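A.B. asks: Here's the letter readout for the chains.
There are 2 protein chains.
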Amino acid sequence: MEHIGFNKPYLTGKETEYIHQAVLSGKISGDGSFTKRCHRFFEERFGFKKCLLTTSCTDALEMAALLIDIKPGDEVIMPSYTFVSTSNAFALRGAKIVFCDSRKDHPGMDEDLIEPLITPRTKAIVPVHYAGIACDMDKIMALAAKYSLYVIEDAAQGIDSYYTGADGVKKPLGSLGHMAAFSFHETKNIMSGEGGMIVLNDERFFDRAEIIREKGTNRSRFFRGEVDKYGWVDIGSSFLPSDIIAAFLYAQLENLDDIQQKRRKIWDAYYEGLKHLEDKGIFKLPFVPAYASNNAHMFYLVCNNLAHRDETIRLLKENDINAVFHYLSLHKSPYYTPKYDGGELSETDRYSDCLVRLPMYYELDPTRVIDVLCKPR
Amino acid sequence: MEHIGFNKPYLTGKETEYIHQAVLSGKISGDGSFTKRCHRFFEERFGFKKCLLTTSCTDALEMAALLIDIKPGDEVIMPSYTFVSTSNAFALRGAKIVFCDSRKDHPGMDEDLIEPLITPRTKAIVPVHYAGIACDMDKIMALAAKYSLYVIEDAAQGIDSYYTGADGVKKPLGSLGHMAAFSFHETKNIMSGEGGMIVLNDERFFDRAEIIREKGTNRSRFFRGEVDKYGWVDIGSSFLPSDIIAAFLYAQLENLDDIQQKRRKIWDAYYEGLKHLEDKGIFKLPFVPAYASNNAHMFYLVCNNLAHRDETIRLLKENDINAVFHYLSLHKSPYYTPKYDGGELSETDRYSDCLVRLPMYYELDPTRVIDVLCKPR
Numbered sequence: 000m001e002h003i004g005f006n007k008p009y010l011t012g013k014e015t016e017y018i019h020q021a022v023l024s025g026k027i028s029g030d031g032s033f034t035k036r037c038h039r040f041f042e043e044r045f046g047f048k049k050c051l052l053t054t055s056c057t058d059a060l061e062m063a064a065l066l067i068d069i070k071p072g073d074e075v076i077m078p079s080y081t082f083v084s085t086s087n088a089f090a091l092r093g094a095k096i097v098f099c100d101s102r103k104d105h106p107g108m109d110e111d112l113i114e115p116l117i118t119p120r121t122k123a124i125v126p127v128h129y130a131g132i133a134c135d136m137d138k139i140m141a142l143a144a145k146y147s148l149y150v151i152e153d154a155a156q157g158i159d160s161y162y163t164g165a166d167g168v169k170k171p172l173g174s175l176g177h178m179a180a181f182s183f184h185e186t187k188n189i190m191s192g193e194g195g196m197i198v199l200n201d202e203r204f205f206d207r208a209e210i211i212r213e214k215g216t217n218r219s220r221f222f223r224g225e226v227d228k229y230g231w232v233d234i235g236s237s238f239l240p241s242d243i244i245a246a247f248l249y250a251q252l253e254n255l256d257d258i259q260q261k262r263r264k265i266w267d268a269y270y271e272g273l274k275h276l277e278d279k280g281i282f283k284l285p286f287v288p289a290y291a292s293n294n295a296h297m298f299y300l301v302c303n304n305l306a307h308r309d310e311t312i313r314l315l316k317e318n319d320i321n322a323v324f325h326y327l328s329l330h331k332s333p334y335y336t337p338k339y340d341g342g343e344l345s346e347t348d349r350y351s352d353c354l355v356r357l358p359m360y361y362e363l364d365p366t367r368v369i370d371v372l373c374k375p376r
Numbered sequence: 000m001e002h003i004g005f006n007k008p009y010l011t012g013k014e015t016e017y018i019h020q021a022v023l024s025g026k027i028s029g030d031g032s033f034t035k036r037c038h039r040f041f042e043e044r045f046g047f048k049k050c051l052l053t054t055s056c057t058d059a060l061e062m063a064a065l066l067i068d069i070k071p072g073d074e075v076i077m078p079s080y081t082f083v084s085t086s087n088a089f090a091l092r093g094a095k096i097v098f099c100d101s102r103k104d105h106p107g108m109d110e111d112l113i114e115p116l117i118t119p120r121t122k123a124i125v126p127v128h129y130a131g132i133a134c135d136m137d138k139i140m141a142l143a144a145k146y147s148l149y150v151i152e153d154a155a156q157g158i159d160s161y162y163t164g165a166d167g168v169k170k171p172l173g174s175l176g177h178m179a180a181f182s183f184h185e186t187k188n189i190m191s192g193e194g195g196m197i198v199l200n201d202e203r204f205f206d207r208a209e210i211i212r213e214k215g216t217n218r219s220r221f222f223r224g225e226v227d228k229y230g231w232v233d234i235g236s237s238f239l240p241s242d243i244i245a246a247f248l249y250a251q252l253e254n255l256d257d258i259q260q261k262r263r264k265i266w267d268a269y270y271e272g273l274k275h276l277e278d279k280g281i282f283k284l285p286f287v288p289a290y291a292s293n294n295a296h297m298f299y300l301v302c303n304n305l306a307h308r309d310e311t312i313r314l315l316k317e318n319d320i321n322a323v324f325h326y327l328s329l330h331k332s333p334y335y336t337p338k339y340d341g342g343e344l345s346e347t348d349r350y351s352d353c354l355v356r357l358p359m360y361y362e363l364d365p366t367r368v369i370d371v372l373c374k375p376r
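Chains as they are written, first to last, in numbering that gives the first Met the number 0: chain A, 0 to 376; chain B, 0 to 376.
Same shape as in the complex, but just chain A (with noise of 0.2 Å):
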C-alpha cells in the first residue's frame, strides 16, 4: 500500500532549467530578469496593477502593513481562523487584531459581523480568501468606502481564483481590494519552495512600496537613472526574493492552465466520491458561494465535532493517508489571549476542531482516500 502524503510540490520540469539560467546570467540577486517576468506575467494575466515578489506571503502582509502606516493603537479586522502571519503581520507594527467569526457555510469571516467591530481606530480590514473561496466582496469594499478604510486581502491561497459581485463582472482575487498578498509556498497550487507577492492596486501605494521592499531607499529609482545615488529615504526592510526563486517560479506559471486543469479534476473527483456522505449528515464538503470560484486550492471536510474528526484522521492514517487539521483559533492562541477582550467565537472554534483537509496535489489520484472514507463504518 503506497503512503498517500498530504501534499507533494509538483515539478512542470523547466524548474531547474531557468535556475540554471538565472545563475549563468550572472544576476541572482533581487529583481533579475525572472523576477521581472513574473511581474509581467502576473500583471497580464490577472490584471493587477503592480505585482513585486516578495521572500514570502508573511512579508508581503508586512509590507502592507508598513504601507498603511499601521502604528500602535490602530485596529485591523480579520477572521480568527487563519495562518497566523495574517495577524503577525499587523501586531508587529502594534496594532490592536479584532477577530471577526467565520460564516456557517464556509470558513471564511463572516461578513455581516464585521460593521460591528468597526470603531474609530479602524484602519483596515483583512479579509481571507481561505481555500481560494473568494470572500463577498461587495459588502467588504462597501464597508471600507462608508468608513474609510483599508482592505488588504490575504489571497495566500487564491491565485487564479475569481469573485462576481453585483456588477457581474469575474474578477481576479487580489484585484479587488487595495492591496493584496499571495502565497508560493510549496503547499500552494504555484509555488517556489518559499515565497511570496504583493499586488498594489491603488498607484498612490507604487513609489514607497518599492523603497519600503529595498531596505528603505531609493534604490529602483537609481536602477533606472532617475536619481544619481540612493539613500536611506524611510522605513524598509529587505522583502525581495533571489532571482533562483523567481526563475523557479516562473517554470511553475507557464504551466498554470495545466495545474489549474490536474487540481480542479482531483477536487470535482473528491466532490462527486463524497457528497453521498454530505447527504447523509456524515460530513459537510466545501461551499462555494454563487459569487465565488473554486481554484481547487484545498479539499476540505467539516466532521461534526472533534471526536469525530479525530477518528477521520486516524482511519485515514491507518490507511497510510496523511489527512490533516488546519488552524487553530488565533484569538484563542497562547500569544493572543491575554490581549483579547472580544466575544465567543463559535463558529471559528468549530472549524478549528472540526475541519480536516485531505491530501491534494497534481500527481495525487484520490481513488483510494475516497474509498476508505466511504467504507462502511
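None of these hints come from the bench; they were simulated from the model.
The hints are all genuine.
Identical copies carry no separate label here, and so any pair may be met within one copy or between two of them.
Listed next, the in silico DSSO-like pairs over lysine-lysine satisfying Cα-Cα at most 27 Å (straight line):
hint : residue 1 : residue 2
1    : 228       : 103
2    : 228       : 95
3    : 26        : 264
4    : 26        : 13
5    : 95        : 70
6    : 103       : 331
7    : 49        : 26
8    : 338       : 228
9    : 261       : 26
10   : 228       : 316
Computed from a predicted model, the values in this text were never measured in an experiment.
Place chain B on chain A using the hints.
C.D. replies: Same frame as chain A, but now just chain B:
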C-alpha cells in the same frame, strides 16, 4: 579591451546540481536538508553555538531586534557609515539610532567614542565589521558588560574573518557578540543571490529565535515531536529561506577555502601594486589592525577628497573598469536627518566622500586595474 565589472558572482559548479537534489527531495520550503547541512557546517567550522539561515542579513538583524525586545525609546549605538539595514532593523521596532563616528584609520566605528554615547536608555551596540575587518571587540564587550548592553555583530561582510583579543585566542567574527548577522547577498565572498544567517552565541535566545523565525509559532518543537500541535505563541515573521537557496549556499561553502585563498591573492596583488601610491600620499590603502584578520571581502582606496574620488572613478570608467563608492552617512540621510540630534561625524563624512571600492571577485585579474591607477597623470 574587456569590461571589468565591480562584482561577478562566482559559481563553484555544484550549485544547480544541489538545487536539483533539493527539488527532487520534494521538500523545498524552509528548513529542509540543505538548510540543516549549512547550519551544521557553520557550527562545526566556526564554533558558532546556533545558526539559523534567513532570507537576508536584513532579516537576521530584524530577528536580533525582536530577540532583544527593542521598544520605542530604546537606543541602539552603531556607526553611521553602514548599510541602511543595520539601522532599519532597529528603527522598525521604534528604536532611536545613536550614530557613532568612524575611526581615522578605518571606516569601522571608533570604539573610543562609544562610551559617551551610552545613556540609561541604551540597549545595544551594533558594531559593523566593515570590509570584513574586525572591530576592537575587547573594548566593545567590556562596555557591554559594564553597562549591561547587548552586542549584535553586523558581520554582513565578515565571513571567515577573525579577531584576536587580549587573551591571544583567534576567534571568528560572529562568535564574539551575543548574536551576529551574516549576508550571503551575491556581492559577498560566499553567496546565494539573496540570503543571510543569524548566529546565536547566548543560549537564552535559542528557543525564542526558532519561534520568531517560524512566524511566532512553536512549529519547530512540533516537528521535533515535543508538542502535539503548534500555535501562535509570540510575535514573529517568516525569516527562513527556501531549501533551494540553502542548496546553492552549500555548494559555495564546500569551496570556502578555495574561494578565500583566491580572493586573498587578488587582495594582496592590489596591496603590493598600489602600496607605493600610499607612500606618496596619493591614496590611503585598507588598514588591518593587529587584532584583525583580512577575509579579502573588499579592496578600497581612500582618496584625499570628493573631487579626487570622482576623478579616480572617472579614470577607471574611461578604461572600462567599474569602481564604486559606498555608503552615504546615515545621520545625513533624508530619513534620519530630521530625527538626528547628535554631533558632527567628520570621519564618517570623509569615508562617505572619499572611499572607492575596486573590482573584487574570484575570477578577477587585477593587473589592468592596478596599471590604470599607477599610470602617471
